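Engineer: Given next are the chains, with one letter for each unit.
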Amino acid sequence: MATESTAAAVSSCVNDAGSAIGMPQLCVEWMPNQIFWLVVALAVIYFVLSRIALPRIGSVLAERKGTITNDLTAAEELKAKAVEAEKAYQDALARARSEAARIVAEARAEIQKDLDAATAKADAEIAAKAAESEGRINEIRAGALEAVTEVAKDTAKELVAALGGKADARSVTAAVTARLKG
Amino acid sequence: MAGEAHSEGGLVFHPMDQFIVKPLFGQGPVEWYTPTNVTLWMALAVLCIIALFVLGTRGRAVIPSRVQSVAELAYGFIYKMVEDICGHDGVKYFPKIFTLFVFIIFTNYLGLIPMSFTPTSHIAVTAVLGFGVFFAVTLLGFYKHGTHFLGLFWMSDAPLILRPIIAIIEVISYFVRPVSHSIRLAGNIMAGHAVIKVFAGFAAIAAISPVSIFAIVAIYGLEVLVSFIQAYVFTILTCVYLRDALHPGH
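One line per chain: the protein sequences are A and B, in this order. Residue numbering for the first sequence is 312 to 493, as defined by our numbering. Residue numbering for the second sequence is 38 to 287, as defined by our numbering.
If we strip away everything but chain B, and leave its shape as in the complex, we get:
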């Protein structure tokens, strides 16, 4: 990108070019089935997940190897989260929540490799995740509790006059959940990557480049944290929404 910045003589920033979806082979249009850089980086994430959780645990050792202990650590971390938040009846949804967590954390971290592509920086991806969680949880709530699920919006311990007002607010906040859930993830990842690119553009000026490189390093360190925290936040919010569906009476 630094080379491109000088292409028109002055400083030109293309911080969003890293998010362009393009076909892996040829220059054809991007159809829904075309293997693109999205495919590549998701496939790499899948391969990493298989390497860690399938190949890494191949030994089934009681005294774990290093890779196996990392896999067990991740398992225990999410399992405990699901159990603590959703209770024992939430444990059967653990594989689905774990799938979300590992997908997000692996695409986030693979996206930190320079010149890579980050699927989780795209709202199309995170919206599918966010709305998927939203619809799944809502349907599960109605399936489990029928119309009692609507009790989630009716605060029976609030004063009677306030209850309709609270119910309206609760309904609005309930429908905002998937939006905030998905935009939070995509926004954080996209912003971090774009900021790094902007600093990289400044690196073309010799006088500023040391500052610019230092800033890139600092933001990169921040992004390492954000990548984990956003995966964690997405997962924990999924658990919280699931708990609402399983126990709407609080």
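Same shape as in the complex, but just chain A:
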């Protein structure tokens, strides 16, 4: 601010105290200077920006965009590969599962066959054993009946004798037989 008062002497837009007369914006005396330096400044800025800065920033932005696009493409590829790998894994799994199921079914069928054969054999054996036992039982039952008749006749004879009766063997036997039949 100190230079303001000294500038007073040489400008018609500044009073003796160094203050502006009216609006400094309207001081025609200063305009050529402002316009000249403005044009210089704009020329320098335009030169520096258009020759150096803007192409550089543009190329950096383009390079970044390219890098990002490449990375995205690579990521996309990797993702496709991962999906493929997963599909292969799932396929292998499914195949293994069906194979296992087939083996299980086969084993089950074989076992069933063996089991059926063994069952049939056992059934046949059991039937034979049962038939044999039936025969034996019938034999024993027949034997037992005979023995009962014999014992009954003897017992009847002994009873008749013990009671003091006198009976011939034939009539006693006939009576017991009749009784047993009844």
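Hints in this document: simulated from the structure, not taken from any laboratory. Take every hint as true, because none was put in to throw you off.
Here are some chain A residues pointing at chain B (derived, C-beta under 8 angstroms):
#1 Ser322
#2 Ser330
#3 Glu340
#4 Trp348
#5 Ala352
#6 Ile356
#7 Val359
#8 Leu365
#9 Arg367
#10 Thr378
With a Cα cut of at most 30 angstroms, we get these calculated DSSO-like pairs of lysine-lysine:
#11 A/Lys376 to B/Lys129
#12 B/Lys117 to B/Lys129
#13 B/Lys133 to B/Lys181
#14 A/Lys424 to A/Lys440
#15 A/Lys376 to B/Lys133
#16 A/Lys492 to A/Lys477
#17 A/Lys477 to A/Lys464
#18 A/Lys376 to B/Lys117
#19 A/Lys392 to A/Lys376
All figures in this text were calculated on a predicted structure; none of them were measured in a lab. Ideal placement from N, C-alpha and C gives every residue a C-beta, glycine not left out.
Assemble the complex: chain A is given as a structure, and chain B must be docked to it using the hints.
Structural biologist: Chain B only, in chain A's frame:
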């Protein structure tokens, strides 16, 4: 300035003294070539622009440094604006529009430094910018489209009776464009700086000074916004005018 306010005993405001153009060296008259405070603050703006856009992007890093990302942000901001408004054939004018934007925004923000000088507060500066854009765009329109460029003023979808009236209004508004374009910028910046100075003058009274300082802070915050918004508005209007030159048929 606060010291000066008391120089004559009472409150004296010199809100316009901050806009005085003076030589940097000596006390001679201000010739067109004299290095002045205009030169100094424009040169500082140029240096800041070089620091940000040339030195800041020196690494050409795919993963940017902080300064480089600011430069890229500015580039992307203006590039998208030009592309959105002017279309793809406007992109080749992007360096010129970007030059305008960075010059205005850097001089605006450097002007917010206390005791600094703001070239964009001068109508001489903004008028060169505004009329420069106006003439460039008009010549480009005639160069690209010949007399078809005049179709810009002839609304072919309006009723026939109204067309001449609309054409007159359109022509007037077209020629007012550079005036409003340049005065808008200079007026906003000048008004903000002058208001701050007026409040600073009031700060000489002890009783009012707290209010005054609060007001300065508030206006300063407003000016931070205005500095960006005016640079943005100037740039976007330049894009709009350029679009009219490139596609006069709307």
